[in-house]
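Chains as they are written, first to last, in this note's numbering: chain A, 1 to 303; chain B, 1 to 253.
Wrong hints could be hidden among the right ones.
[Stated by the list, open to error] Looking from chain B toward chain A, a few residues come up when the C-beta cut is under 10 Å (computed):
| hint | residue |
| --- | --- |
| 1 | N2 |
| 2 | G44 |
| 3 | F78 |
| 4 | F82 |
| 5 | E91 |
| 6 | I92 |
| 7 | S222 |
Derived from the structure by calculation, the hints contain no laboratory data. Glycine residues also receive a C-beta, built at the ideal position from the N, C-alpha and C atoms.
Spelled out from the first residue to the last, the chains are:
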Amino acid sequence: MIAIDIKNLNKSYENGLKALKNINLSVKSGEIFALLGPNGAGKSTLINIICGISKKTSGQVTIFGKDNILDYKFTRSKIGLVPQEIATDSFEKVINTLKFSRGLFNKVQSDEYLDFILKSLNLVTKKNNQIRTLSGGMKRRVMIAKALSHEPKILFLDEPTAGVDVNLRKTLWNFLNKLKKNGVTIFLTTHYIEEAENIADRIGIINNGEIIITENKKKLIEKLGEKKIIITINSSHNNIAYITKKYQLKKNKNKLSYIYNSKKNVDLSASLLSDLVKSSIKIDDIEIEKSNLEEIFLNMVEK
Amino acid sequence: MNLRGIFAIYHFEMSRMFRTVSQSIASPVLSTALYFIVFGSAIGSKIENIEGINYTSFLVPGLIMLTILNQSVSNASFGIYFPKFSGTIYEILSAPISPIEITCGYVLAAASKSVLVGLIILMTSTFFIEITVLHPFWMLLFLILMSITFSLFGFIIGIWANDFQKIQLIPSFILTPLTFLGGSFYSIGMLPDFWQKISYINPIVYLISSFRWSFYGNSDVSVVVSISATLFFLVLCMVFVSWIFKTGYKIKA
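Model the full structure from these sequences, guided by the hints.
As C-alpha cells, then:
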C-alpha cells in the first residue's frame, strides 16, 4: 500500500525562487525512506507541504490515497511531524505538552500510551519537568514524543539527529526500527549519510529542488557505487605492463588497483584475475572496497 | 468537529494565564483599583453627578470596558503571535484542526480571561462604591460579546504582527485613545456639539454606552444601535479571520 504519493509537485516563491521542481515520489507503507540533500535543496519544503505547513504551487500530495488538502483532517491525523528546529513551549511540563499534542489531534487522552512513549524515549523520569530544564538531546526526544503522541501511521523527521550525540543517535535509530516493525512509515531527511545508510530501506537524493534519484539503498550503492579491487602481487612479470594497460590498473609498488563502475564499464575483475593466474603471477592478497553512500551522494550533487 | 483540539488550545492558553497570574489578573486589577482611587475617590468627589449617577459609580462600566478591551486584544494577539515567534505554530498547522476550530480555541480562551478579569474588577469596585446592576443578564451578555469581538480583533493583530512592537502598535495608538475618547470617564453628552458628532464615529462609544446602560439604564446612544455596531464588528472580524486562513496570510509560506 502506498502511504505517501506525490505527483508533479511544484513550489515557487513570490521572489521567483523555485524550491521544488516537478517532484514525483511514492513511499510504501511500513518503509523507512531517507531523503538526502544539501542545505537549501528543498527537503524541508517538501515535508512542510506534505504536512500542511506550506502551500504548494501545483501538483498533488495524497496520504493513503486521500488528497492532503481536500481531506486534510484525515491525512493530518495519520501524520506525526518532528521539525528541524527544536520548537517547544519552554515553561510547559513534558507530560502536559504531550497531552496538548494528543488533544490537538483529536485523540482521547491516554496516560498509558503517553507513559509508553516516554519510557521508549527514556524520558519517563523527566515527565513532570519543565521543558526548559532539559538538555538539547532531551528536547529533541520530547519533539519526537510529541509527534508520536497521537499514534501516527507516518512519521516525518526533518533532520532528527542534527546536533545529537552518537549514543542518542543510535538509540533513536533503534527506536525508529521498532516503530517500523509496528507498521509506521518513516520519512526522514538527513545530512548524515551514515544515518540513511544504517536505517533507510529506500533513499532519495534531492538537489536544487529536483529529485535526482530514488532507489532501494542496497541497489543504489550497487548501481552507482564504484568497486575497487586491490590486488597485492608477490612477484613481477613481463606481462604486468600489458595487464596494467589492458585493465587500466593503477600500480603502486606491488599493489594493483582495479576500479569498476557499473554505470561506466563492464566488470572485468574475473578476467583480470584469470590473466594474472595465467601469467603465473603470484597473488598475496585481494581486497574489495565498495564506495559508500557519502561518496555516491557527493558525486551526484556535485555534478 | 475537533472538539478535543479546541479544548487543547483553550486549556493550554488558560494554563498560561494561571502560570502568570500576576501579569494576567493582578496587574489589571491593580490598575483599575488605582483608577478608582485617583479618578473616583480623589477627583470624583469634586465632580457633580452625571445623568443622576455618582461619578465613581459612573466610572465602573467604563473602566471594566477599558480593561476588557485591552485584555482581550493583548491576550489573543499574544496567544497566536507567540507560537509564530517560537516556531511551535508548526504543530497547530499540521494538526487535523480547521481554521475555525483554531480560532475558537484561542479566541474563547482570550475572551474567558477577559470576562474573568472584568468580573474581578466589578467585585473590586464594590470595595470603593456600592454597585447596582439594573440589567445583569445584558451586562453579562455585553461583557461576553465584547470580549469575544475584541479577542477576535486581537487574534487578527497577532497574525498580522511579525514582531513584538507591532503587537503593541494598534492597542497603544488606536485602541487606547479610542477607549479614552469613547466615554470611559465621561458622558458623550458632556461634550460640545461638534465633538459629540465626532465621537459618534468612534465605535467604542457604542460599546461603552450599551454596557453602561446595562448598569444604570442610561445610554448616550440607542442600545439597539450599540448591539448592532458590536455584532457588525464581530462579523467583520470573523470574515477577516476566515480570509486569513483561506489565503494562509502571514501563516503559511
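Checked hints:
no.	hint	verdict
1	N2	5 Å, holds
2	G44	41 Å, violated
3	F78	13 Å, violated
4	F82	9 Å, holds
5	E91	6 Å, holds
6	I92	7 Å, holds
7	S222	44 Å, violated
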